[in-house]
Amino acid sequence: MIGEEFEAVVLPHLDAAYNLARWLTRNPADADDVVQEAVLRAATYFASFRGANPRAWLLQIVRNTAYASRALVRGAVTVALPGDEAGAAIAPQLIDSGDDPETALLKREDHARVTRLLAALPIELRETLVLREIEELSYKEIAQITQAPIGTVMSRLWRARRMLAAAVQAEEGR
Amino acid sequence: MSGECENLLLVQAEFDGELDAADALRAARHRQDCAQCRDAYAQLEATRALLKESAPRHRAPENLRRAIATGLGARATPLPAPRPKRGWWREGASFALGAALAASIALLIAMPARQPVLDDVVASHIRALQPGHLEDVVSTDEHTVKPWFDGRIDFAPPVKDLAAQHFPLLGGRLDYLDHRPVAALVYGSAKHIIDLYVWPEGGDSAPASAAQSGYNVVYWRENGMEFWAVSDLEAHSLADFVRAWRSAT
Chain V
3 MIGEEFEAVV LPHLDAAYNL ARWLTRNPAD ADDVVQEAVL RAATYFASFR GANPRAWLLQ
63 IVRNTAYASR ALVRGAVTVA LPGDEAGAAI APQLIDSGDD PETALLKRED HARVTRLLAA
123 LPIELRETLV LREIEELSYK EIAQITQAPI GTVMSRLWRA RRMLAAAVQA EEGR
Chain H
6 MSGECENLLL VQAEFDGELD AADALRAARH RQDCAQCRDA YAQLEATRAL LKESAPRHRA
66 PENLRRAIAT GLGARATPLP APRPKRGWWR EGASFALGAA LAASIALLIA MPARQPVLDD
126 VVASHIRALQ PGHLEDVVST DEHTVKPWFD GRIDFAPPVK DLAAQHFPLL GGRLDYLDHR
186 PVAALVYGSA KHIIDLYVWP EGGDSAPASA AQSGYNVVYW RENGMEFWAV SDLEAHSLAD
246 FVRAWRSAT
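Note that the protein sequences, when read in sequence, are chains V and H.
This note's numbering applies: residue 3 is where the first sequence begins, and numbers increase by one.
This note's numbering applies: residue 6 is where the second sequence begins, and numbers increase by one.
Derived from the structure by calculation, the hints contain no laboratory data.
Not one of these hints is a red herring.
Taking lysine-lysine and the DSSO-like style, the derived pairs with C-alpha atoms no more than 30 Å apart in a straight line are:
1. H:K57 x H:K165
2. V:K142 x H:K196
3. V:K142 x H:K57
Nothing here was measured: the structure is a model prediction, and the numbers come from that model.
Kindly generate the complete structure, drawing on both the sequences and the hints.
Written out as structure tokens, the structure reads:
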């Protein structure tokens, strides 16, 4: 059946897979479904995997799975996160920063706002920015995962950053 | 917007560490003369800082992890099978290397990995990443972490905070490796975790690197201690950490 080698290749990148699925679907339940299906697909394709870069390989499958799923309605770019559950499933802070409750509350609002604005970016821009800034991947890896030329990755990244910065400034100016 | 500088994407690539040394220099020089690109660079830095601070990296929930492991028919022992060292992670390293970085990597002479310890270290690191298992003493203060080991372990591990080098100390814990209790120091790097395992061992040896199951490992001996650093960081970033750790006082 599925060998230990497959687990060794795939399991270390589950967080990366889930994070991408989560930012694509903007919803924990859909992200769960996407990752589970992507891992099954990965197992099916594993025989043809040549070991170049397991993380990029898995993330490419996650992205294809998400795009194919009903959860992801392309073009619905202006829809905000339903109910904004931003605070709920965020990885726990490793350090207790010792903030007083008021500062902590402000921080939480900041986090929720950035999450909402990033989630509202068009999907091509959002995935590119998430892969660069949160997963810290190279242009080359992002090009592989999003199946776009490197030049396209660069211009998407540029537009994503500019759009996010503008959205943040617009909110702060209100 | 009209009149955009044609070098904006070049400056962005410089910011992202995607240029070789010559092009990076060209981009940096250009910024000195171009107000638009200077502003753009500052904006890139601000956006990155904002995301770093506020955009979460969602971690796979425990029930999803379990569902997948069950689906794969995982064995009772989740220990990944030892695999031959592969070169794929070097590709990422070479892509954005500056000259200084290259020099630091050259220090990492690849030696045949000590497989049993390597297996233990990587398995222990993976275990520790499960929620609630990362650190027993949570503190960013070396003067809190160091005394915590007193009485729990029969040696005094060197504890250093590398916050200034962007590897903040997050805490420490006790672990068992190679059939003995060892100290594990936990460091952060952006959204990644580095475990540094320490135990007494004679002799000095230069850092050597290994990779297993998608994790990178660097190990060395100095001052009567053996050190194993393990992380899902890229190899060159882990090399940076080791260099920073060894040169810190």
